[in-house]
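Let's have the full structure, built from the sequences with the hints guiding it.
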Amino acid sequence: MEPYKKHESIAALMNRSNVDTDQIIPKQFLKRVERSGFGVHLFHDWRFNDDGSDNAEFELNKPAFKGAKILVAGDNFGCGSSREHAPWAIADYGFNTIISTSYADIFYNNCFKNGILAIKVDKEQLDKLMAEIAANEGVRFVVDLENQQVTTPGGNGFSFEIDPFRKSNLLSGLDDIGLTLKHVDKITEYEQQHKKDYPWLWA
Amino acid sequence: MQALEYAMKKTMYEKIWDSHLVVDETGQAPLLYVDRHLMHEVTSPQAFEGLRLSGRKVRNPHSILATMDHCVPTKNRNLPIADPIAKKQIETMAENCRVNGLKLYDMTDPNNGVIHVVVPEHGFVHPGMVVVCGDSHTATHGAFGALAFGIGTSEVEHVMATQTLPQKKSKTMQVVVNGKLSKYASAKDIALAITGKIGTAGGTGYVIEYTGSAIRELSMEGRMTLCNMAIEAGARAGLVAPDEKTYTYLKGREFAPSAQYWDQALAYWKTLPSDEGALFDATVTLDAADIAPQVSWGTSPEQVVGVDGCVPAPESFTDEIKRQACENALAYMGLTPNTKITDIAIDLVFIGSCTNGRIEDFRIAAEMAKGTQVAKGVTAIAVPGSYHVKQQAEDEGLDKIFIDAGWEWRDPGCSMCLAMNGDELTKGQRSASTSNRNFEGRQGKGGRTHLVSPAMAAAAAAAGHFVDIRNL
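Same order as they appear, the protein sequences are chains U and R.
So in numbering that gives the first Met the number 0, spot 126 of the first sequence is number 125, and the numbers just go up one at a time.
So in numbering that gives the first Met the number 0, spot 330 of the second sequence is number 329, and the numbers just go up one at a time.
Everything labelled a hint here was simulated from the structure, so no lab data went into it.
Heads up, the beta-carbon is just placed ideally off N, CA and C, and yes, glycines get one too.
Each hint can be trusted.
Mimicking DSS-like on lysine-lysine, the simulated pairs with C-alpha atoms at most 25 Å apart in a straight line are:
#1 R:K168 with U:K185
#2 R:K170 with U:K166
#3 R:K321 with U:K119
#4 R:K170 with U:K122
#5 U:K119 with R:K167
#6 R:K14 with U:K185
#7 U:K166 with R:K168
Simulated coverage check for chain R against chain U, where a stretch passes if three residues somewhere in it have a Cβ under 8 Å from a Cβ of chain U:
#8 123 to 135
#9 153 to 163
#10 189 to 203
#11 263 to 272
#12 416 to 422
#13 436 to 449
Pasting the structure below:
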């Protein structure tokens with residue numbers, strides 16, 4: 000995983016709530032056994048017309064949002080299926096930051112496993128950011144994870160909360176499994192006790 | 000003093016959490032031990048690849064049970080899978096299980112079926128366990144009083160390598176359902192009514208425990224249906240305290256505790272229910288008698304109404320986001336505000352899935368289908384959740400009832416719940432479906448899904464539109 004660095008990028012606006020992972024990456028693309036290459040299918044059913052051409056009505060197809068790394072979206076983003084193909088597609092498309100009021104639980108966890116910073120803001124703050132983008136499409140925000148700050152040219156900057164463990168993993172790009180395996184002795188110890196307490200599980 | 004007493008009383012979730020903590024150090028996410036790991040072909044290949052690339056091994060192969068369900072055809076099972084990408088995914092699953100020595104019920108195995116139907120059939124999940132699967136409907140197994148939740152593929156790899164997961168402790172929500180369900184209202188209707196009441200984000204950050212007399216009355220199958228849809232309300236997991244029904248269900252199944260350990264296991268299970276007076280962070284109450292058979296009208300499982308109701312008008316929502324969501328949903332669904340639910344005509348009926356693919360679901364559906372004919376222009380398919388469900392139904396003669404009524408009787412799989420295997424709606428087609436999600440395109444691009452119970456689905460197949468089954 001790439002370490003997450005401070006960056007200034009275009010912020011794309013997706014003013015919809017309850018965007019589900021079936022929309023983020025429709026099921027017809029879940030059959031592949033690789034982790035890469037999902038970006039071209041991101042939001043497929045909204046993004047493309049039946050003949051395969053770009054749907055001009057779809058917000059991410061706006062020229063002003065091309066190259067955006069930041070996605071500003073409505074409440075409860077990423078609900079539904081646990082498919083990690085959703086954050087794979089988002090990251091592969093080029094986003095590394097999402098800003099919303101709330102996320103579905105599994106999706107939120109999946110983001111951080113894939114170098115995506117999912118920032119939570121209150122409704123009022125989200126409305127301000129959405130208004131700023133709507134008024135000035137192509138506007139660039141600065142995201143500084145180290146200092147937990149977002150700044151915007153329109154003066155709608157804010158600081159955000161984030162779990163210190165998730166933060167340090169994103170900043171370092173460290174592998175979660177490696178960190179857990181530092182505790183391998185404790186896992187073994189737990190298992191030995193577990194076998195004594197619940198022998199039927201090991202019979 | 001009173002505060003201290005409360006602090007000592009634990010909910011079932013807290014008991015399971017505490018007994019599975021491996022590491023709990025400040026500055027780090029608590030590490031939770033995982034007892035059972037369930038797998039299917041869609042969310043595992045990249046995890047095996049990661050394991051291989053890092054030179055790591057599966058820590059406890061016996062904790063894993065795998066099946067093939069999402070991509071498998073539900074007819075002509077003997078023929079090769081036509082879709083080459085799906086075929087490769089199926090073959091990859093078989094190879095990964097072989098190399099790592101994992102128990103797999105492959106496509107042709109008599110034990111094959113949908114993971115969340117198969118696992119309980121074999122008694123693989125017990126009360127008090129921590130259970131994970133790369134699948135959001137893992138919540139199903141909360142019906143046994145196990146903490147069961149869906150995870151992503153990176154976490155699948157994590158669990159394979161370490162048998163643990165870094166986890167954040169959830170808040171607890173008690174959903175109390177008292178009273179008696181009306182005739183033909185079911186666990187599915189309770190699940191939809193709860194999602195309608197609290198919304199798809201209502202349970203976010205919580206583990207729900209379902210309590211109350213109506214929950215106690217539910218069969219194990221009904222409890223599985225209910226917990227299965229905890230995720231639809233945004234919850235991490237759903238739980239029902241184990242009781243005599245749970246123990247009776249488990250006894251004698253392949254992976255249930257053997258006679259040697261049964262009494263010891265049972266004594267442990269009886270310690271699990273939440274302590275009397277334990278505090279929950281939130282409580283929601285429903286009266287079962289108020290729950291009419293539910294029908295979803297929109298593109299989110301929270302957009303539901305009783306069958307005696309009407310499609311709502313956007314302006315009936317005071318919340319601007321909900322108003323907009325209603326408008327979008329009605330446009331997608333091709334529905335007009337204030338249409339009576341019973342006036343909505345359907346093209347296809349699907350009975351099956353990890354929500355409603357168990358024997359009890361086919362029994363009630365067959366009861367409704369008996370002596371009827373599928374309405375003109377309607378296709379009706381019955382897809383058992385597993386080969387065991389299929390066999391049981393055939394032993395009871397249910398297959399004949401469906402076939403005589405004009406239904407298709409298929410082989411098991413996820414099928415049209417998420418339409419990965421070729422069973423799907425075409426653009427504009429409208430279904431009555433016993434599955435769990437009515438998202439845009441879920442059952443096929445442009446397809447329109449109405450979520451209902453098996454009884455409601457079967458009645459709709461015969462009528463060609465929704466019917467208030469309480470009046471039949």
